[in-house]
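Undergrad: Chains V and H, in that order, give the protein sequences. Each residue of the first sequence is one higher than the one before, starting from 5 at the first, in this note's numbering. Each residue of the second sequence is one higher than the one before, starting from 4 at the first, in this note's numbering.
Because the hints were derived from the structure by calculation, they are not lab data. Beta carbons are placed, not taken as given, at the ideal position from N, Cα and C, and that holds for glycine. It is possible that some hints are incorrect.
Stated by the list, open to error - Taking lysine to any residue and the SDA-like style, the derived pairs with C-alpha atoms no more than 25 angstroms apart in a straight line are:
| no. | chain 1 | residue 1 | chain 2 | residue 2 |
| --- | --- | --- | --- | --- |
| 1 | V | K23 | H | T29 |
| 2 | V | K23 | H | H129 |
| 3 | H | K182 | V | L54 |
| 4 | H | K28 | V | N89 |
| 5 | H | K182 | V | H50 |
| 6 | V | K23 | H | D31 |
| 7 | H | K182 | V | S98 |
| 8 | H | K259 | V | R102 |
| 9 | H | K182 | V | A49 |
| 10 | H | K182 | V | A88 |
| 11 | H | K28 | V | S98 |
| 12 | V | K23 | H | K259 |
As the list claims (entries may be wrong) - Just so you have them, the derived chain V footprint on chain H, three or more residues with Cβ under 8 angstroms:
| no. | region |
| --- | --- |
| 13 | 124-134 |
| 14 | 167-176 |
| 15 | 184-192 |
Chain by chain, the residues run as shown.
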Amino acid sequence: MHELSVCLSLLDQVERIAKEHGAERVERILLRIGPLSGVEAPLLAHAYPLAAAGTLAEHAELEIETAPVRVHCIDCGEESEATANRLLCAHCASHRTRLTSGDEMLLASLEMSIPEEPHASA
Amino acid sequence: MCDTCGCNITPGNEHLVRANGTHAKTADGRAAVAVLSSLLDENDHQALHNREHFDRHGVLALNLMSSPGAGKTSLLEATIEALRGELRIAVIEGDLETENDAERIRAKGVPAIQIATGSACHLDAHMVHEALHRLDLSEIDLLFIENVGNLVCPASFDLGQHRNVTLLSVPEGDDKPAKYPVMFRAADLVLLSKADLLPVLDEFDPARAEGYLRQLASQVPFERVAIRSGQERLAPWLDWLRQEVAAQSARRAEGKTARPSVQPDGARDEHYAHPHAHGPHAGHHHQ
Numbered sequence: 005m006h007e008l009s010v011c012l013s014l015l016d017q018v019e020r021i022a023k024e025h026g027a028e029r030v031e032r033i034l035l036r037i038g039p040l041s042g043v044e045a046p047l048l049a050h051a052y053p054l055a056a057a058g059t060l061a062e063h064a065e066l067e068i069e070t071a072p073v074r075v076h077c078i079d080c081g082e083e084s085e086a087t088a089n090r091l092l093c094a095h096c097a098s099h100r101t102r103l104t105s106g107d108e109m110l111l112a113s114l115e116m117s118i119p120e121e122p123h124a125s126a
Numbered sequence: 004m005c006d007t008c009g010c011n012i013t014p015g016n017e018h019l020v021r022a023n024g025t026h027a028k029t030a031d032g033r034a035a036v037a038v039l040s041s042l043l044d045e046n047d048h049q050a051l052h053n054r055e056h057f058d059r060h061g062v063l064a065l066n067l068m069s070s071p072g073a074g075k076t077s078l079l080e081a082t083i084e085a086l087r088g089e090l091r092i093a094v095i096e097g098d099l100e101t102e103n104d105a106e107r108i109r110a111k112g113v114p115a116i117q118i119a120t121g122s123a124c125h126l127d128a129h130m131v132h133e134a135l136h137r138l139d140l141s142e143i144d145l146l147f148i149e150n151v152g153n154l155v156c157p158a159s160f161d162l163g164q165h166r167n168v169t170l171l172s173v174p175e176g177d178d179k180p181a182k183y184p185v186m187f188r189a190a191d192l193v194l195l196s197k198a199d200l201l202p203v204l205d206e207f208d209p210a211r212a213e214g215y216l217r218q219l220a221s222q223v224p225f226e227r228v229a230i231r232s233g234q235e236r237l238a239p240w241l242d243w244l245r246q247e248v249a250a251q252s253a254r255r256a257e258g259k260t261a262r263p264s265v266q267p268d269g270a271r272d273e274h275y276a277h278p279h280a281h282g283p284h285a286g287h288h289h290q
């Protein structure tokens with residue numbers, strides 16, 4: 005199980021971004037995880053409180069959006085839904101496809117409380 | 004990958020960029036920041052650094068993955084013998100415990116660094132970086148990183164390697180690519196190991212195994228290998244290695260690098276050579 009490592013890495017990043025923005029608390033974290041990322045969302049959610057204890061994101065709400073598995077067909081040009089172990093084109097059954105969604109392991113966005121924010125630039 | 008310019012925004016995720024500026028406000032007054040970077044950003048950064056290190060020394064780095072007991076170390080022993088005097092090889096060994104595999108490699112007269120991961124089920128870029136401090140890369144053409152035997156976790160961590168090689172051994176069964184799509188999709192070469200057992204284990208159908216691999220939209224070579232004397236079969240693997248070593252020196256001459264064809268964190272091809280992320284020699288403090 006590598007979800008704890010992934011979670012610790014996520015929190016390093018969240019804390020860095022929070023500090024860059026002068027935030028006092030991270031309120032919400034939105035992740036986007038695809039079935040082909042090798043990361044299991046429930047395990048990640050389970051590991052989160054452990055990894056977040058004592059950080060600015062200790063009380064943050066962790067929301068995990070699942071990315072659908074989708075492929076673009078190089079032969080017929082169509083885009084279609086696929087499954088993790090069958091990434092063929094649904095239209096022409098070609099093997100020559102490119103994944104357009106489904107392997108994401110992304111920190112999508114953060115919501116933070118920033119005390120009396122001056123007109124800060126990024 | 005870069006988390007500042009939006010280069011990792013793809014049609015699949017752009018709707019997530021909900022904030023209109025870096026400090027857009029949510030309804031309840033919180034600051035919302037779109038990030039869109041890999042959860043393993045720090046690992047990826049270290050991997051990039053490792054890859055620069057390999058490229059500077061003209062080393063081809065291969066990440067060898069499989070389930071435990073598929074024959075990674077045995078294949079390396081046979082490979083070292085076969086390429087003796089032709090290519091200078093070194094090995095980084097990842098295991099939960101013991102120095103056993105590194106000792107087997109050293110017995111072949113090749114430098115081997117053992118990483119004992121403790122309870123970690125995979126190698127990460129930081130562990131590999133530590134090991135690199137104990138290797139003289141200027142004396143090496145080809146570095147094998149033998150990952151922890153596991154068909155799940157190692158696929159999610161970029162180590163800085165140029166190519167992934169995944170072994171599937173005959174006793175494991177021919178449906179492994181369907182059961183572990185993340186791992187097999189990441190392979191740049193799949194080796195069917197212990198192929199000399201095919202006549203005895205006739206329930207294993209190599210065509211079916213390859214069929215499952217092709218269903219992952221993978222076009223990579225699928226080659227049989229066997230190392231038991233009398234039934235040795237290494238030629239397609241050795242040829243692939245020679246080609247890759249030659250391709251690496253050609254890339255080095257042009258100042259280019261290569262990454263495995265599938266990246267673990269969803270980074271798409273078009274983001275590989277991001278001009279401002281890191282030049283091939285930028286900001287690197289190794290000599």
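Undergrad: If any of the earlier hints don't hold here, list their numbers in rising order.
TA: 3, 4, 11, 12 and 14
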